[in-house]
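Asks: Here's the letter readout for the chains.
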Amino acid sequence: MANVKPRVKVPKSADAGEIITIKTLISHPMESGQRKDKEGNLIPRQIINRFSCEFNGTPVFACDIEPAVSSNPYFEFKARVPESGEFKFIWVDDDGSVYEETKKIEVK
Amino acid sequence: MELNRRQIMALGVGSAAFATTMSLSLPALAANDAQALINAFTGGAEAGEGALSLDAPEIAENGNTVPIEVTVDSPMTDDDYVEAVLIVANGNPNASVATFHFTPMSGEALASTRIRLAKTQDVIAVARMSNGTFAIDRKTVKVTIGGCGG
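Residue numbers (my numbering), protein chains in the order written: chain D, 2 to 109; chain H, 207 to 356.
Hints in this document: simulated from the structure, not taken from any laboratory.
Here are the simulated DSS-like pairs of lysine-lysine, each with C-alpha atoms no more than 25 Å apart in a straight line:
| no. | chain 1 | residue 1 | chain 2 | residue 2 |
| --- | --- | --- | --- | --- |
| 1 | H | 325 | D | 39 |
| 2 | D | 24 | D | 10 |
| 3 | D | 79 | D | 104 |
| 4 | D | 13 | D | 79 |
| 5 | D | 24 | H | 345 |
| 6 | D | 89 | D | 6 |
| 7 | D | 10 | D | 89 |
| 8 | D | 24 | D | 13 |
| 9 | D | 109 | D | 89 |
| 10 | H | 345 | D | 79 |
| 11 | D | 105 | D | 13 |
| 12 | D | 37 | H | 325 |
Just chain D, same shape as in the assembly (with noise of 0.2 Å):
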């Protein structure tokens, strides 16, 4: 799908185990399935159904998304830094498009 944008906010470093925030923000416009055409039919449901975050390829938190949750998919959520690394961000969309964004933090 076009204009599907992630951004993701992640502190470029951290103590050794410190726990930080992260917001994620993607851009998409989570068709519920319940919206009507100017003709009277129902828009197909078109939703990202999936968000996940992993740190070096641990999972750190995830999320089973259904189409209550409002466009353009905000997510804020706590992450535990052992060490230096990379977290990655994945959302899955309904048509299987996989969108991924990742982001390097350095342990002082």
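Based on the hints, put chain H in the right spot on chain D.
Replies: Chain H alone, transformed into the frame defined by chain D:
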């Protein structure tokens, strides 16, 4: 079967009365399968109150984007952490909203997002801990403009 006018009138009044009771009792009962989802999530186990806190606005002007936040009191260590938090809304066309999955790597069991609410209703959060216990919290959110694109 032949019905005379009197019988038809009686039928009409009866069904109107029935319809009224139905519409009155519906909001009290869950309008959708919210309770069934919670039961499936907990497996019928009793969910305690206190450990989980669900934060949602009392009044949401726009049901299209209602900010919610869940926090669970948990040490989030390898032996004692929050596995998942189920969010349901009992007045939406579909009760399920989202399920958060946490790990010990989360550090804190806190998550926030924005959800759609079709009308004034209860939002309910249920947490499943790694030790098999459950916690529940609910908030009533008044919605001024519904969020399902009527």
